[in-house]
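Asks: Sequence:
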Amino acid sequence: MSYRTQVITVFGGSGFIGRHLIRRLARSGAQIRIATRNPGKAAFLKTAGAVGQIVPFAADCSKDESVARAVQGADVVINLLGVLFERGSQSFQGVHVDAAARIARLAAASGVNRLIQISAIGADSNSPSSYARSKAAGEQAVLSAFPAATILRPSIVFGPEDNFFNKFAAMAQKAPALPLIGGGKTLFQPVYVGNLADAVVAALETDASRGKTYELGGPRVYTFRELLELTQKDIQRHRPLVTIPWNAAESLAGFLEKVPVLDPVLTRDQVALLKQDNVVSPTALGFKDLGIAELATCEVILPTYLSRFIVGGKFSGQTGTAH
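If you're matching positions, the sequence shown starts at 1 in the UniProt record's numbering and goes up one per residue.
FYI, nobody ran anything at the bench for these hints, they're computed from the structure. If a hint is listed, it holds; no wrong ones were tucked in.
Taking lysine to aspartate or glutamate and the DMTMM-like style, the derived pairs with C-alpha atoms no more than 25 Å apart in a straight line are: (1) Lys41 / Asp60; (2) Lys167 / Glu257; (3) Lys258 / Asp162; (4) Lys185 / Asp124; (5) Lys288 / Glu299; (6) Lys212 / Asp277; (7) Lys185 / Glu250; (8) Lys233 / Asp277.
Cβ pair distances, simulated, as ranges: (9) Met171 / Gly111: 43 to 53 Å; (10) Pro39 / Lys275: 36 to 46 Å; (11) Pro147 / Val259: 41 to 51 Å.
We put the beta carbon where it would ideally sit given N, CA and C, even for glycine.
Required output: the full structure, derived from the provided sequences and hints.
Replies: And the structure:
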């Protein structure tokens, strides 16, 4: 299906997932609005399409009138909004639940045809993690207002700007050791951001995805320990992996939460989230149900962007003769 004549509004489009999705959507020829609080920070994405095709659009997702303007006349709305930790006005309730509910309600009122909500594997109203509970509440709010919405639940998403592998690679540059919280046995199924973008497009191209929830994981399941080992291999560093028991991790996270920096290294809620495996349920709909069979692996993609953490550069250890 071509979206050449359609208008797509993407909330959170200037973020990590958004920048890859915008480029993917632009190939269709659709008119794309990037709804964001700070349009200037999304200006770099205008070059991903033809002149005038991609337009950063000022939107405050805490206000009905602002969201209503962003969805007015749109055929498709995609909500990528999410926060990994709470800080100031950015709360799980405000972003994952209230904003998601507002977008869905006003999209329905505006006659939007399709709504895609990006959630997360582990979304569960009974989870010990506030993040996971808020993701589940957000899904429920969206489906209540827009029953035909499609919910996509990725595992941890990796790619050049990710907040997982880049964070641990940076830690390995400076820290004498890396932490294995709870022994590093938690399971993950990392999904490449490009494959997630493909899943959004595939969901839009089939009416069968209306009202459905899909869990999206990559082709392999890893333990937390294996992911740290893989990271160190790709950046050519070998720090000891030190086990931190759950109770010690919670105490440490409680201290780190109070450090006045933009991004806390660890929070107590993230420790609670780490106690649950982050993998696709065997009974869930997934990539194959969206017609996507070929998925990128960590082993292939990580070296393409973690090489910047190698001392001396990617080819520092190679020798050869010029011809």
